[in-house]
Amino acid sequence: MAEHVSTRVNSARLPQYVGRTVRLACKVLKLQGETALVEASDGGQVHVRLTRDANVTDTYIEVIGSVLDESTIKMMACINMGSHLNMQLVNDTIELVHDPRFMGRIF
Amino acid sequence: MEAELSRGIITRLFHAQDGDDDLYTSQPTVQFLSVRKVDAPSHATVDRYRLIISDGEYFMQAMLATQLNAMADEGEIKKNTVVVIERMTRNLVQGKQLVIVMGVRVVAQCDEKLGNALNIQPPKGEKSEGVSPAPVAPPAPAARAPASSGTKNAYAPPQSRQEQAPPKQQGAKTNSIYFIEGLSPYQNNWTIKARVTQKSDIKTWSNTRGEGKLFSVTLMDESGEIRGTGFNAVVDELYEKLQEGKVYFISKARVNLAKKKFSNVANDYELTLEKNTEVTECLDTTNVPAVKYNFVEFPNLGELVKDSACDVIGIAKEIGENTQITAKSTGRTMNKRDLTLVDRSGHSVRLTLWGVQAEQFHVDGDPPVIAFKGVKVGDFGGVSLSMYHSSTMALDPDIPEAHALRGWYDGVGANQSFQSLSNSTMSGGATGGFNRAEMRTLNDVKESQLGEGKQDYFSCRASIMHIKGETIAYPACPTEGCNKKVIDMNGSWRCEKCDKSFPRPEHRYMVSMAVADHTAQAWFQGFNDVGLAVFNMPANDLVEIKERDEAAFNVIMHKAICQTYNFSCRARQETFNDTTRVRYGINRILPMNYEEEGNILRDLLHSDWGRA
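Here the protein sequences line up with chains A and B, keeping their order.
If you're matching positions, the first sequence starts at 1 in the UniProt record's numbering and goes up one per residue.
If you're matching positions, the second sequence starts at 1 in the UniProt record's numbering and goes up one per residue.
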């Protein structure tokens, strides 16, 4: 179980997870062949290296991938989330998950 | 917005001593958080404006000098205006520093509050004594003690009170002025000096003994309150003479035992105003307090006995519509309007206005501070408040609590979410509104034995586990409003109630389903609206699919389960033949809006409860 854990993050928390697998709920800003530029729930921009058969169709997606550096993720899978997503709520959830009171219990 | 407020000036002004005169010529820049006209006492001829001045760090009370009234009248000075105070001074009023703003230069009008000012004055205690000066306080408690202990042996105490009273009063009356507390049926040569705090309408009655009319007033002085009633001829004489808010010398009225049924004034006695009662208007009103309040903080309301009267003060955050309801007991229609009051405890409570007051209640602008006296505590839907005939309501009163509330609301309170003490929604628990504040778990519902004896209402969130597939709908009469089951009579469907037959009935859902949450499972019964929400198609369609294609029907049933909804339910005990069981009927079914629920959970985690 420990190997397949992917913590949900925003752009500010990426540095903490370099080399690890994360989930990033984000809004697609630019889609160019092999890479995409997305905006995370806290407004920060992240580069996503897409897989060959990536299926990015909606405005909001959740990318599961490994963190290469503090602004790049290498995608493993992505989930389309539709055209509306309350990013404020997503960000609040991410911050709450990382709250020391809860972090130990969830991950 | 380039204006820079002079930080620290409020702190210095508040703690200023004599001799800090250069403080008053320093020309600081401040922002007015609020500019409010004050109700002038009856002897003043000119309006006064009360201000809240802020330097971005703290705020405090101030008064606008009357020579600047025009600027406020004209709107040059208003909420959020930033000014340089060119001239100011300070007065010692009731032991407190009060800044008087005498010269001002407007820098800019602003749309919002600059900085995040806190109240420099700690909130006052809740017992307010209006404007009563300090020296009067000591004799009053002393006088009250003997009066409340035996009322029968009132001879000795009135004498001692009479000795205490003369030194205070400057009146040139032949009788010395009594305190209201000192009145008893054994004295008839007294005069009181009191303010009319409330006057009722003229009421007429007719019963077996005849007809009549009456009016009543509530009279108040520093020692207490007493009710006075005038009947028939006295109404004509005194009704116009006694005006609310004014002070009168009253003598030669009869002192009787109070009829508690008709009044909630705290006094064992009451006055009957008669033909020989003398009422003279008094112009020296300095010693008589305006209205004495004894405010109860909202969390403590629950401790008060039901139907008792209390005083409250709060901001009217929500003002309901004036609605008409029919009183079941009398059959008459009444006007009613609900207000939601909030106070600094973070709670909100519902208060109901009736009759003419409900109709005429109108407020422009920001939610006002309202002080209520003598409102009834009820337990309708949690804790609720209601106006009596004799209750009084004062909008934006000029008392310290009101200003403190105003400052708090303008600063913090407007955006705060409140915990409701009055639990039902505006439409009331009876109509089945979904009540988030009172949500229960199914286990809680079962353990509390809701519905046994009388019917109970509750709200909950649960997921559908199973729907009874045998009967999901019944054939109903298509006539608008009639949902009675129709009988199949050889191809034609007949409705007994409407006495009509139809070729095809309108099927209506009658769903019996097992729902569960993380604590327990229960069976809920729902009707057409529930079926529509769960299956997303009219009953006729589903019945047809069931008859035509069993497999498709099963698929639909399968899709309906494991969906989560918010329910508003009614629990009732019902008897079938021999068995008596509590059955849960669904009043409202609401599909989950995950975003909304997520927001609520997030707010809950961010609230004080979540941070503990």
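I should point out that these hints are in silico values taken from the structure, not numbers from a laboratory.
Every residue gets a Cβ at the ideal spot worked out from N, C-alpha and C, and that includes glycine.
Take these hints with a grain of salt, some might be off.
Derived, one-sided and incomplete: chain B residues facing chain A with beta-carbon distance under 7 Å [stated by the list, open to error]:
1) R50
2) M592
3) E595
4) G598
Some chain B residues well away from chain A (every beta-carbon gap over 12 Å; in silico) [stated by the list, open to error]:
5) E86
6) I487
7) E596
So the derived label-pair ranges between C-beta atoms look like this [what the hints assert, rightly or not]:
8) A:Q16 to B:V84: 35 to 43 Å
9) B:V555 to A:R52: 32 to 40 Å
10) B:N116 to A:Q45: 43 to 51 Å
11) A:E34 to B:I561: 50 to 58 Å
12) B:S512 to A:L31: 49 to 57 Å
Hint check results:
no. : hint                        : verdict
1   : R50                         : violated (39 Å)
2   : M592                        : violated (14 Å)
3   : E595                        : holds (5 Å)
4   : G598                        : holds (5 Å)
5   : E86                         : holds (45 Å)
6   : I487                        : holds (49 Å)
7   : E596                        : violated (10 Å)
8   : A:Q16 to B:V84: 35 to 43 Å  : violated (50 Å)
9   : B:V555 to A:R52: 32 to 40 Å : holds (36 Å)
10  : B:N116 to A:Q45: 43 to 51 Å : violated (31 Å)
11  : A:E34 to B:I561: 50 to 58 Å : violated (44 Å)
12  : B:S512 to A:L31: 49 to 57 Å : holds (50 Å)
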